[in-house]
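Student: Chain residues, written in single-letter form:
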Amino acid sequence: MVKAKKKAICVAAIILCAAIVIGLVSYDFIKSSNTVESTFLAMGTVITTSISGKDADAASEAVEEALLGLENACLSRRVEDSDVWRINQNSGNDVSVSRETAAWVGQALDISADSDGAFDITVGKLTQLWNIGSGEETVPKKAEVKKLLETVDYKKVAISNTSVKIDSEQAIDLGAVGKGIACDALRDILAQFDVKEAVVSVGGSVLIYNQKASVGIVDPNNSQSHLATVEIDNQCISTSGDYERFFEANGKTYHHILDPETGYPVVTDLRSVTVICDSGLDCDALSTACFVMGYRASLDLLQKYDAEAVFVFDNNSVSVTDGIKDDFKLTSSNYTVE
Amino acid sequence: MKKIKLFSRYDLLVLIAISAIATILLLPNVFGNNDSLTATITVDGKVVETVELNRISGVREMSLQCTPAVKVRMETGKICVIDADCEDKLCVNCGWLDSDGAMAVCLPAKVVVSVDGTKADSKVPDVITY
Chain A
236 MVKAKKKAIC VAAIILCAAI VIGLVSYDFI KSSNTVESTF LAMGTVITTS ISGKDADAAS
296 EAVEEALLGL ENACLSRRVE DSDVWRINQN SGNDVSVSRE TAAWVGQALD ISADSDGAFD
356 ITVGKLTQLW NIGSGEETVP KKAEVKKLLE TVDYKKVAIS NTSVKIDSEQ AIDLGAVGKG
416 IACDALRDIL AQFDVKEAVV SVGGSVLIYN QKASVGIVDP NNSQSHLATV EIDNQCISTS
476 GDYERFFEAN GKTYHHILDP ETGYPVVTDL RSVTVICDSG LDCDALSTAC FVMGYRASLD
536 LLQKYDAEAV FVFDNNSVSV TDGIKDDFKL TSSNYTVE
Chain B
116 MKKIKLFSRY DLLVLIAISA IATILLLPNV FGNNDSLTAT ITVDGKVVET VELNRISGVR
176 EMSLQCTPAV KVRMETGKIC VIDADCEDKL CVNCGWLDSD GAMAVCLPAK VVVSVDGTKA
236 DSKVPDVITY
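Just so you know, the protein sequences line up as chains A and B, in that order.
Using my numbering, you'd call the opening residue of the first sequence number 236 and step up by one each time.
Using my numbering, you'd call the opening residue of the second sequence number 116 and step up by one each time.
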């Protein structure tokens, strides 16, 4: 009787061991086989996705489709009949747009107001004039800049339900927040699927969905390297810097972040600003605003939006807001933390 | 006192068999080549070449079928775009790509050259913001 009992215990132990081993192997297999990674071009930039979960394949396809739709239907200022194209073509008149576009314009205007115009979507005509990133840039005449600068004023944009009206001389450009908007839209798309976790980069604006992830902050002096990492948990992160798009003329470098007050590329001691918060649009807009405003003036704005930031200065020093100090790690010996 | 036998010969055989299968399945993950670097080249979303960079000996150059024209060069453990017939040459300026996550993109030609490797090194972040 005792022998039979011990034998039963042994068999149970063997089965338990086998179950643990098989469980570990299966977990490893399922985890790896249910992650879909993809890289593609959309919205004039490169998109990388890593989506895990039962519906990873379907979600990955939906993400790609959504981004194309977002550009063509809403955000592009070049695609005919997109919401932004129609707003600009019909300046001076109420233009009926999608509920989402009206909300995004409204959200952008809030940050314009809170940053006292440091971030302003009505720089559309100025960005067209400079056309930085086209490969055919020239420094515009002062008179041209001065004239178009008069069109920049976010206070002249009016939203009523789902219609948007800009001043007859104005043009809006959502390019500075387009990638962040995409991150927000993709969060909603992913939520419709059985997705466990995801990391999506829309041209460097990143959505961390349902997971923790280590995000590298690009080194402004070497685009193939990162200067630091920050641990993000289920949030968005965006960076604005002077290194991404620029041109050189007459021995001077002109980067793509225009100061809405001067009409010229921002003159600053910053090389980049990285912002972390819940909304992709807010991250994009705040990183631009902070780059324009400078370090000290940005702190209250960041606090208002419950956002954290990493400032990289031209003397290779780095400043980090208090909320992420424990999650921030400098990885390049070329920089120092203030 | 009668000696009690805990495992029969068959129980042991089953245990050894299960352990062996599990070990075989786990081996690639535990002892996999942590130095592997794979370059993937896509044109207009389609993968045109996947190359194990550490297996390249000498120099290999490849002209991609795209407009504007783009040419890449591969050497042991690295890849770069050496020529692109576009205005801004951003992809050429990226230089050598030799680490996990490195990427060069030519938007006009819809070319993406990306490098993927193992992420065993904890210093490698999951994604880069730029």
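Treat the hints as calculated values from the structure; they're not laboratory data.
Glycine is no exception: its CB is placed at the ideal position from the N, C-alpha and C atoms.
There could be a bad hint or two in this list.
Cross-link-like lysine-lysine pairs, in silico, BS3-like; alpha carbons within 30 Å at most [as the list claims (entries may be wrong)]:
(1) B:K193 x B:K225
(2) A:K390 x A:K376
(3) A:K381 x A:K400
(4) B:K193 x B:K204
(5) A:K289 x B:K161
(6) A:K376 x A:K447
(7) B:K186 x A:K564
(8) A:K564 x A:K539
(9) B:K161 x A:K377
(10) A:K431 x A:K564
(11) A:K391 x A:K376
(12) B:K186 x A:K431
(13) B:K193 x A:K376
(14) B:K204 x A:K487
(15) A:K487 x A:K376
(16) A:K560 x A:K391
Derived DEER-like restraints, expressed as beta-carbon distance ranges [what the hints assert, rightly or not]:
(17) B:T191 x A:Q324: 34 to 42 Å
(18) B:P183 x A:N456: 36 to 44 Å
(19) B:D126 x A:D541: 28 to 36 Å
Taking beta-carbon pairs under 7 Å as the criterion, some of the chain B residues facing chain A (in silico) [unchecked claim]:
(20) G160
(21) E164
(22) T165
(23) V166
(24) N169
(25) A184
(26) D203
(27) V207
(28) A217
(29) V220
(30) K225
(31) D241
(32) Y245
Student: To test your reading of the hints: which numbers does this structure violate?
Tutor: 6, 7, 9, 12, 13, 16, 17, 18, 19, 21, 22, 23, 24, 25 and 27
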